[in-house]
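Undergrad: Residues per chain, in single letters:
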Amino acid sequence: MAPEKFSNQTGQALVEMLLVIPMLFLLTAGAIQFTMLFQARNAFDKACGEAARQYAANQLKDSSAITDTIWKDMGFYQSYFNKQSLSISTQAPQATIANTFFNAIDGLGPLAAKIKSYLINYTGHAWTVTICCTPPSLVAVIFPDGIPFQSQLTILKYPN
Amino acid sequence: MALFIGLYKSGMLYNAKEQAIRSSNLTALSAGAVYANGLQIVRLTNVALLLAAAVDILAIAAALEITGGFSLIIPSQFKDLNTRKLVQDVQSILFGINQPIGIYPLLISDETISIASQNGLKSTFPSLNPLSWSLPIPPSPILIFNVTTLGPGLAQAIVPNMALKFRTANFFSDTVPKPKKIYKYKSRKDGAIHYLNSDQVELAPNSQNKGQMRVKKGVGLEGEGYFVAEEVNAGLSKLNAVINIANFLAALQLDVTDRDIPAVHNIFVYASYPTSIKDPQNNNAEIQTLSQVNVLGTGLAAWNVNDPPYQATLAPTDPVELVKQLSIQTLLSQAISSIKLPSISNIFGTVVNGP
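Chains A and B, in that order, give the protein sequences.
Every letter in the first sequence is one number past the one before it in our numbering, and letter 40, counting from 1, is 40.
Every letter in the second sequence is one number past the one before it in our numbering, and letter 1, counting from 1, is 1.
With the rest of the complex left out, here is chain A (with noise of 0.2 Å):
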C-alpha cells in the first residue's frame, strides 16, 4: 500500500535541519555585517573628530592632513572604505561674535587690523567630510552602490 510507503518519517529531521541551517547561517552573517557596518560608521565618526581635535592643537595644517588622518585613523575598518571617496569641503569660517565686530572695525585701517591680530586671534573652521563605505557582501546585496557617509565637524581653533 502507498500510504505505508510514504508512513516512514526517518530523516525528516535532518531534511528539516539542513533547510534551517542556510537560513539560521545566513540570519548570522547578516547580523554580524549589520553590525560591522555600524562599528564602520562609528570608526568614520571617530577618526573626524579626531583629526579636528590634531587640527585645533595645531597638529596638522591643511585639509590634505586632515584627510590623511582621517584614513589613518579608521585602522582596521579601512577595509570598508573606498579612499578615493573621502573628501572634505570647508565652509566658510564662522562668523563668530568677536570677528563680527572686529571685520565692522576693520574699516578703520592697519591700526584696527594690528590691534584686531594682538586682541582676537581664535577663528572658526568646519567641514563636511564624506566617505563612500563598500558593505560587507551580504549588505552590499541591499546597497550595491555603496552606502555614503557624512561627517560634520565645527571648531574654533587658539592660536590661529
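To be clear, the hints were calculated from the coordinates, so they are not data collected in a lab.
Keep in mind that the hints are not guaranteed to be accurate.
Stated by the list, open to error - Pairs of lysine to any residue residues, derived as SDA-like cross-links and limited to a Cα-Cα distance of at most 20 Å, are as follows:
| hint | chain 1 | residue 1 | chain 2 | residue 2 |
| --- | --- | --- | --- | --- |
| 1 | A | 157 | B | 109 |
| 2 | B | 186 | B | 217 |
| 3 | A | 157 | B | 294 |
To be verified - Quick look at which bits of chain A chain B covers, simulated, 3 or more residues with Cβ under 8 Å:
| hint | segment |
| --- | --- |
| 4 | 22-32 |
| 5 | 40-48 |
Please read these numbers as outputs of a predicted model, since none were measured by experiment.
Beta carbons: idealized from backbone N, C-alpha and C, even for Gly.
Dock chain B against the given chain A, drawing on the hints supplied.
TA: Just chain B now, kept in the frame of chain A:
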C-alpha cells in the same frame, strides 16, 4: 525582522552616543580656545598696567624733583596720575574681576553656545521666551567654569568667570601679619596692657563721662568690666603701624593673576544631543554628554607675554576624571530636575485658557 530592527536601533544609538561625545568634545575645545585667547589678553593688559605704573612712578619722581631732568619734562604739579586705576578698571570690567560678570566670560559662553548648535548639540538658549518668564528646562548646553576649586557648590561655577583676581602688594611680603582687626582701645590690668577692638567693648556711661567704654562682660575677655581708653594715636603704635601697613598692602591692587594656587582654568560642557530614535514614549531620544577642557599655560604676568600661548586640552577620560565628571553630571541632573521657575500665569494667579 525583530532581530534586525533591534540591531538597527541599537547600532544607531551607539553611533549617536559616539557622535554626541565627539560634538561635546569639539564644543569644549572651542570654549577652551576662546578662553585661552582671553588669558593672552590678560597678559597684554598686564603689560599695559606695567607701562601705566612706570608712567605714574615717573610722574611722582618728577613731582619729588629727585630726577633732575625729568622734572623739566613733566610738570611738577602732577603727583600721582594714577593711570593704573584706569587700566585696572578696564581689566575689572573686561574679565569680571570683583564684578558679578565680565564681558569676556560672556563672550566665551556665547561663542560656545553658538558652536554647540553647529555641532548638532541641542541649543535651547535662543528660545528664551520673555513673555512666559521661564527658562528652557533643561537648558542646554550648560557651561561650568573652573569648578574644581569651588567644591560642591555649582551655583558660582555656572556664572561665566575666568578664575582671576587682582594680585595685592602683600603677595610680596609673607612676613607682614595678615590684617585682621584694627585695635582701637586698650585696658590695663595688673600692669599689663590689653588691646581691644570695637567689638570687644561696650558702653559704660557715668556722670562724668557719658561716652565711657569698658571691656565687654560675659564673653570671656581678659579684664572684663575694666574701663578702656581710646587709642588716640592708634596709627602710631607699633602693632597698629604693622597692621596698617598690612592693610595698605592688602588693599594695593597690582596686576591680574590666577585666583587659585595652583592655577585652575577649565570648562565643563554639559549638553543634550538629540537623535531621531524614538524612546518608549515615542519621543526623540536625547543623549546627555559631559566634556572637560583644561586651559594650560605658564602664567599671566606681564613678563610672560612672550611665552607660548595658553593651550586648551581635553581632559583624559581616565577613571579618576570619569568619576569626577559623573558626580558633576549627577549634581546637574538633580539640580535641573528640581528647577521649577514660575511662569507669568503663576505670578499673577491668572488662569490660562480658563472660562
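Undergrad: Now, for every hint given, state plainly whether the structure supports it.
TA: Now the hints, each set against the structure:
Straight-line distance between C-alpha atoms of residue 157 of chain A and residue 109 of chain B comes to about 16 Å, which keeps the hinted pair within the 20 Å bound. Only pairs whose Cα atoms come within 20 Å are accepted, and residue 186 of chain B paired with residue 217 of chain B is accepted, the gap being roughly 15 Å. Simply put, residue 157 of chain A and residue 294 of chain B have alpha-carbon atoms about 15 Å apart, close enough for the 20 Å limit, and the pair holds. Counting residues of the segment 22-32 of chain A whose C-beta lies closer than 8 Å to any C-beta of chain B gives 3; at least three are required, and the coverage claim holds.
Under the rule that three or more residues need a Cβ within less than 8 Å of chain B, the assignment of the segment 40-48 of chain A holds, with 5 such residues.
In this structure, every one of the numbered hints holds.
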